[in-house]
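> Start from the sequences and build out the full structure, keeping to the hints where you can.
One-letter residues, chain by chain:
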Amino acid sequence: MFPHSIALLTDFGLADGYVGTIEGVIACINPQIRTIHLSHDIPPQNVAAASFCLANCYDYLPSRTVYLAIVDPEVGSSRRGIAVETDRGYLVAPDNGLLTGVLQKSPAIEAVELTNREYWRAPQPSSTFHGRDIFASVAAHLANGIPIELLGQSIDPDSLKKLELQKIETTTTGIKGSIQYIDRFGNLITNIPAKTIEGKSWCVRIKDSVISQVDTYSSLDRGSPLALISSSGWLEIAINSGSASSSLDLSWGDTIELIWI
Amino acid sequence: MFPHSIALLTDFGLADGYVGTIEGVIACINPQIRTIHLSHDIPPQNVAAASFCLANCYDYLPSRTVYLAIVDPEVGSSRRGIAVETDRGYLVAPDNGLLTGVLQKSPAIEAVELTNREYWRAPQPSSTFHGRDIFASVAAHLANGIPIELLGQSIDPDSLKKLELQKIETTTTGIKGSIQYIDRFGNLITNIPAKTIEGKSWCVRIKDSVISQVDTYSSLDRGSPLALISSSGWLEIAINSGSASSSLDLSWGDTIELIWI
Amino acid sequence: MFPHSIALLTDFGLADGYVGTIEGVIACINPQIRTIHLSHDIPPQNVAAASFCLANCYDYLPSRTVYLAIVDPEVGSSRRGIAVETDRGYLVAPDNGLLTGVLQKSPAIEAVELTNREYWRAPQPSSTFHGRDIFASVAAHLANGIPIELLGQSIDPDSLKKLELQKIETTTTGIKGSIQYIDRFGNLITNIPAKTIEGKSWCVRIKDSVISQVDTYSSLDRGSPLALISSSGWLEIAINSGSASSSLDLSWGDTIELIWI
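Protein chains in written order, with the working numbering: chain H, 2 to 262; chain F, 2 to 262; chain P, 2 to 262.
The hints are simulated quantities; they were obtained by calculation from the structure and are not laboratory data. Beta carbons are placed, not taken as given, at the ideal position from N, Cα and C, and that holds for glycine. Errors might be hidden in some of the hints.
Unchecked claim - Derived DEER-like restraints, expressed as beta-carbon distance ranges:
#, chain 1, residue 1, chain 2, residue 2, range
1, P, W253, H, P44, 21 to 27 Å
2, H, P44, F, R206, 42 to 48 Å
3, F, S242, H, K208, 42 to 48 Å
4, F, S242, P, A123, 21 to 27 Å
5, P, R118, F, A123, 39 to 45 Å
The structure is reproduced here in structure tokens:
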């Protein structure tokens, strides 16, 4: 059973034709495949944001999807290009930690380094756009049913680069965490997992304010800060019909504190 | 005859993977369906802008399209989720007025509240992302040919929430209206309908300036403000090769006046 | 053999539903065709940027693709609408120079002015949105196999409007060029072609700084300006993990100088 979809996630933006070029390379090899665009507006070169975003989407796509994920600040250096098989599909990416979040959910069954130039678009790739010259082509061939072993030399899944994510810290009164992602609405998604706090009573302290636990965005008046479980399974701080990031002046990596009550 | 397309309109933005997640849910249920992305950059929580934009697209899509429209500031509250059948297709949305513009063009034949959890993705949906857990799944099942009656309890189409749009006012010298939408070019689209002013002579007064009636953007020199009939059928104020919104310092809801001459 | 894809490039943005409307018009005529979105965020009315971006993508899409390219500041004026056949596919656009870059790569075999209203969506098109009322419909009919001759009156390919691009200048010490495109990463793409400088030794002088020639973005430390051959075949100035445009305070059209060493 072949994959029916290629899901793309990059930091290429949509303005410059880079994504269209990638899709063109795919269409040349596999004219029928469905493409699902997860995001192309990952903050430039932010591998951690890409890892987070990819892992959030991952549970909701069809089984056997090929994921093509490219945020690649070290393109052209000696970092490896890789393809990974999991129980749920295939992943094609630079080996820079971008797959950290997904592989926590779904461990690698097999991994190869993309050394077989036969499946590249250009045997002499440009030194700045491996997305076009290597990764897109490899993903399209996987979607065509080419076995992963043909794409290159087998590597130990344990050797894949992992991001070191900021850890949460248990204190006498609660949990210290940090903001790991800010979405388009200005919602602040922390690194405190839902399973640690579900069914318990708590509030959040940020600087000198205390923010109450609620069930949904509209539980408090418009403009009120609130804390809840995000749809992706983390403690989230938001504002009903507003931007928590702007209003609370908080950014990526900032510290927050949960207090048991 | 089944629908061939699902058309999506949201305020999710394209950065965070929310749209890709929605499309993943659809692809799990209906791997072949074509998706048409109308907009995902509706200003956050702006239900009126969503209603306007959806109604503008509506005349141009294939008959029997399923429209999945989600701008949902009250997600998780008691506002209803609905599916509506018209003579031209199906609409799936929160019941918050988002369908006002479309239903003016094409009245509801049948409406249901989305109470049948069998067609939800998650019988226990998250309280913040019904787009993923309810609406996308329901839209995909409709596109698969599931009859609308199976999706939940029938409701009176007259009970659907309608937006109260700003009305135009007829004066002794013309018409007072307001700006109901600003597009990416900074074009100001008013709430004065084309049919009221077509074939007549008029100008527009804004603050102390008078703006002339023309046929198209390039009728006047670059940088000149002008007034014409928009492609969506409203009085529009624009600037040849410029942004009327910035140059004239006008924003959503601001008043404008048409004067008969 | 019919085209399998329509590739779209516009300055419509993704917020206002204009692209979705275009895709709706196409889907009404050709429900099965694949659409590839190259860019919809060309800077408003910037025909030169559109020409550059289209030409970059052009080498990577399937043969016999129909390209629908619309950046159209003179919409509604007497500028012509055109369809052009090349050895690699079809081009549909306003005749304003937008096709300059593509036609340099792949000369016109045949060209017509879009005068046959039978293939328009609206025989009386709006004066501001020919993309919807003429171009999208014509592109979809071409993709359906309608011969280009049926779309209107044959015209001399030499009569198609061409952009006058800024030329490079050879000096006693090197080459004077200018910046022809800035991408989302802030990379500065000049008008000095790769073939003029490949395999030679040079540096770049901008204002009072000298920028070294390297192979790839990560060849120097993060934050260092560098010069290399872009993936699209031009001299490019970039900064490892940063924006050259912001850091060097350079913009579209600014002069740069390459010095042989």
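> Between the beta carbons of P:W253 and H:P44, is the distance compatible with 21 to 27 Å?
holds (23 Å)
> Between F:S242 and P:A123, is the Cβ distance one that fits in 21 to 27 Å?
At 25 Å between Cβs, range holds.
> Confirm or reject the claim that P:R118 and F:A123 have a C-beta distance inside 39 to 45 Å.
violated (50 Å)
> Assuming the hint says 42 to 48 Å, is it satisfied by the Cβ distance from F:S242 to H:K208 or not?
At 46 Å between Cβs, range holds.
> Taking 42 to 48 Å as the hint, is the beta-carbon distance of H:P44 and F:R206 inside that range?
holds (45 Å)
In summary, the one numbered hint that this structure violates is 5.
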